[in-house]
Amino acid sequence: MFRTQCAGWAGERRGFTLVELLVALTMLTFILSGVYGVFESASRSIRTAEEQGELTQTARVILSDLRRDLGSVYPMRVTVAEEDLASSDLPEGGAVTFAGEDNEDEEGRPRDNLRFTTVVADASRSGAADVAEVIYLIDVDELTPERGLIRRRNDHPGLAVDAEQQIRTEEVSPLATSFNVRYWAGDRLSASEEESTADGWVELWSDPALLPAAVEVELGLTPDRPNAPEHRYRMVVALPLRSVRPDPRPAAQREETAREGEGAGDESGGSDTASGEQLPGGLADVLPGRPGGGDASP
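Residues in the sequence shown are numbered from 44 upward in steps of one, following our numbering.
These aren't lab readings, by the way, just hints derived from the structure by calculation.
A few of these clues could be false.
[Said to hold, decoys possible] Here are the in silico distance ranges between beta carbons for each label pair:
(1) I89 - L284: 38 to 48 angstroms
(2) G96 - L71: 32 to 42 angstroms
(3) Q100 - V162: 25 to 35 angstroms
(4) L65 - R103: 50 to 60 angstroms
A virtual CB, placed ideally from N, CA and C, is assigned to each residue, including glycine.
Produce the entire structure from the sequences given, and follow the hints as far as they go.
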């Protein structure tokens with residue numbers, strides 16, 4: 044009888060079966076997978092937010108510097124080298140003060156060139172000339188060390204100088220993959236109907252003596268990782284100076300146009316203060332120094 048009781052107790056102390064172990068392991072796997080998925084999703088969201096924040100800050104710095112250059116634009120005739128004229132849309136004769144080329148790559152991304160003369164912000168502290176020729180473009184040349192958006196600066200515009208010594212190249216951002224510039228000419232459009240768009244903007248600027256009333260810049264930045272999407276940032280800048288030549292209209296007509304422009308500006312809240320020209324619809328809301336102005340989100 045004692046042996047029978049011991050045998051019964053031994054039978055009750057059996058372990059887990061194989062099926063029970065498999066079920067437990069499967070449930071544990073699902074639980075750990077869920078926890079890892081939540082952790083990975085949170086980490087991805089944090090990385091995306093940090094990446095977008097860095098891109099936005101980079102774009103803000105780039106557009107701020109470009110806004111400063113455009114805001115200090117100075118109409119001045121500059122002689123362009125013949126080799127540059129041969130491979131560009133610049134006007135014949137080689138004398139330009141403001142020029143914008145409309146380019147794109149094989150994939151259709153805009154890669155425009157913007158060339159103008161501007162006043163250096165602090166010439167006394169930097170030791171540079173007070174007027175410089177500036178060129179913004181996307182560098183795709185594999186033989187150069189710079190990548191992305193670059194800024195070339197010539198401290199002696201209009202003079203025949205050694206390009207290697209006088210023209211300085213600065214890498215603005217290697218993350219820049221597109222650079223699109225459009226121009227608003229106001230009531231003195233110099234572009235043909237084929238060049239202008241439905242909203243009055245033009246894709247290129249080739250008038251050697253007249254500056255646009257406003258410039259729209261759209262910058263595309265792509266993170267340095269595979270299959271990363273491009274983020275685009277936009278701004279509009281009104282140019283304070285327009286022409287390198289005197290206005291041929293009589294003084295009375297110029298004063299009348301200025302008074303009409305001021306009246307229209309008081310009613311609508313936006314006009315080109317330098318020339319009195321009415322700005323296009325919605326442009327006054329995004330110009331610097333006006334309510335609602337600033338850089339747009341991607």
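Structure-based check of each hint:
no.: 1; hint: I89 - L284: 38 to 48 angstroms; verdict: 46 angstroms, holds
no.: 2; hint: G96 - L71: 32 to 42 angstroms; verdict: 37 angstroms, holds
no.: 3; hint: Q100 - V162: 25 to 35 angstroms; verdict: 27 angstroms, holds
no.: 4; hint: L65 - R103: 50 to 60 angstroms; verdict: 56 angstroms, holds
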